[in-house]
Amino acid sequence: MTDHPGSADDGATTGVVERLARDDVERKRFLKMAGKRMGAGAAATGLAAFIAACGSSSSNSSKASTAKAAAPSTTSSSSSATSSATAAASSGDLAIVNYALTLEYLESQFYAKVIASGLFKGAVLSTLKTFGAEETQHVVALKGVAMKLGTPAAKPTGKFPVTSASQVATLAATVENLGAAAYLGQAPLIQSKEVLAAALSIHTIEARHAATLNLLTKKSPTPNGAFGSPATMQQVLAAVKPFIA
Amino acid sequence: MTETDLSNPELAEVEVHGINRASFLLKGALATGAVYGASAVAPFVSNALAASSDIDILNFALTLEYLETNFYQVKGKAVHLSGEAKTMAKLFGDEEAEHVAALTGAIKKSGGKPVKMPQFAFPVTNQAGFLKLAYTLENVGVGAYNGAGPSLTSKALLAAAGSIVQIEARHAATIAVLTGSKITPNGAFDRALTMKQVLAAAGPLIKK
Numbered sequence: 001m002t003d004h005p006g007s008a009d010d011g012a013t014t015g016v017v018e019r020l021a022r023d024d025v026e027r028k029r030f031l032k033m034a035g036k037r038m039g040a041g042a043a044a045t046g047l048a049a050f051i052a053a054c055g056s057s058s059s060n061s062s063k064a065s066t067a068k069a070a071a072p073s074t075t076s077s078s079s080s081a082t083s084s085a086t087a088a089a090s091s092g093d094l095a096i097v098n099y100a101l102t103l104e105y106l107e108s109q110f111y112a113k114v115i116a117s118g119l120f121k122g123a124v125l126s127t128l129k130t131f132g133a134e135e136t137q138h139v140v141a142l143k144g145v146a147m148k149l150g151t152p153a154a155k156p157t158g159k160f161p162v163t164s165a166s167q168v169a170t171l172a173a174t175v176e177n178l179g180a181a182a183y184l185g186q187a188p189l190i191q192s193k194e195v196l197a198a199a200l201s202i203h204t205i206e207a208r209h210a211a212t213l214n215l216l217t218k219k220s221p222t223p224n225g226a227f228g229s230p231a232t233m234q235q236v237l238a239a240v241k242p243f244i245a
Numbered sequence: 001m002t003e004t005d006l007s008n009p010e011l012a013e014v015e016v017h018g019i020n021r022a023s024f025l026l027k028g029a030l031a032t033g034a035v036y037g038a039s040a041v042a043p044f045v046s047n048a049l050a051a052s053s054d055i056d057i058l059n060f061a062l063t064l065e066y067l068e069t070n071f072y073q074v075k076g077k078a079v080h081l082s083g084e085a086k087t088m089a090k091l092f093g094d095e096e097a098e099h100v101a102a103l104t105g106a107i108k109k110s111g112g113k114p115v116k117m118p119q120f121a122f123p124v125t126n127q128a129g130f131l132k133l134a135y136t137l138e139n140v141g142v143g144a145y146n147g148a149g150p151s152l153t154s155k156a157l158l159a160a161a162g163s164i165v166q167i168e169a170r171h172a173a174t175i176a177v178l179t180g181s182k183i184t185p186n187g188a189f190d191r192a193l194t195m196k197q198v199l200a201a202a203g204p205l206i207k208k
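Just so you know, the sequences run in chain order A and B. If you're matching positions, the first sequence starts at 1 in the numbering used here and goes up one per residue. If you're matching positions, the second sequence starts at 1 in the numbering used here and goes up one per residue.
To be clear, the hints were calculated from the coordinates, so they are not data collected in a lab. Keep in mind it's a predicted model, so treat the numbers as computed, not measured. For each residue, glycine too, the CB sits at the ideal point set by N, CA and C. Please note: incorrect hints may appear among the correct ones.
On the chain B side, residues computed to face chain A include the following (Cβ under 10 Å) [claimed, not checked]:
hint, residue
1, L91
2, D94
3, E96
4, E98
5, P118
6, A121
7, P123
8, V142
9, G143
10, Y145
11, A156
12, A161
13, G162
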């Protein structure tokens, strides 16, 4: 790990989205980090590192990924890692990222309107501000990823009813539970491991928001029981259609 | 690592069975075991030796779910929880038990052998300590699944893991609300934890 300054451990596992959005060098580094750390004889590394190592030594991943190029990036050459990641992400992943970006735009706008409404104060307002700021960070990150893959989706104009605190809280809970379901529905369809890692890192934030808002509105934090329910793109787009001007 | 680290008979046996592609992870886990206590690592090591990488991951997850289930269902009773904490622990314990059942089934269906439940030791004696550790464990669960998810080769298993990690995140947020802790302790993007990081948190809680 000689060429990774300071917190190489953290660097391998945090801020996936931001780093993906930043530049190709970081993306390549993300792909290669595991191998370098293993070469250095480091103690236990991540499961991802382990699997990556297995893939490059035994061709396991190429066998498993079939023709869909689901595991593009376990080779040791940086140039092939970059090109295969790009190829895998050029169509389907871009559509998924843009879909997520659209949802995050709407969530961000929704929270902005709610915060400006004056309906909330104190701890609840503070929580809503935090959630809104996080959705805005998702927008920035996803837009960056979309720009790496192609053309980002246009920013939609949301229209949300904001009439009372209880109505807004209920709508917020609905929106966040839908968001969690949307990410869960897309995860198995994402080709690029890097985009998947980014989506997963956002998915559980939506879930945390959803649980919190469910508690606020006296609903179960786990409304679907022990297993989150996925929603398809069609289901989600139909549900958010009334909120797009 | 040095040979002394392999002197534990339990681990030596594992080493004998350790083959090919699992050997790297084994070495890593043993190195970690030297720090955290060798016996604590044994369940994780045996996970690493399964035939398939997806099964490795599922068994790793199963160990964490055993831990969470035991924590809520056994330790929760032992510290005499009350009020909302008691209600929550009952619900979450039931849901973690469902995760155990689901993962056990998935491992068998994938042709693997589910690991057995290890013995646990949770260093908490009251409700406040219980909730604090619950918060830690759920957040570790989130990070563990998010870290392992991209390595799953089966999309069906990825979907299953996703449906479970969403619940871990919901649990973590609920405990945060209950205790006034941070709902999103990692900010806008949840961290993906490495096995080393998961071991650092969970390993000391595993007796055998």
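Each hint, compared with the structure:
| no. | hint | verdict |
| --- | --- | --- |
| 1 | L91 | holds (7 Å) |
| 2 | D94 | holds (7 Å) |
| 3 | E96 | holds (8 Å) |
| 4 | E98 | holds (4 Å) |
| 5 | P118 | violated (18 Å) |
| 6 | A121 | violated (22 Å) |
| 7 | P123 | violated (23 Å) |
| 8 | V142 | holds (5 Å) |
| 9 | G143 | holds (8 Å) |
| 10 | Y145 | holds (8 Å) |
| 11 | A156 | holds (7 Å) |
| 12 | A161 | holds (9 Å) |
| 13 | G162 | holds (5 Å) |
Of the hints listed earlier, those the structure fails to meet are numbers 5, 6 and 7, in rising order.
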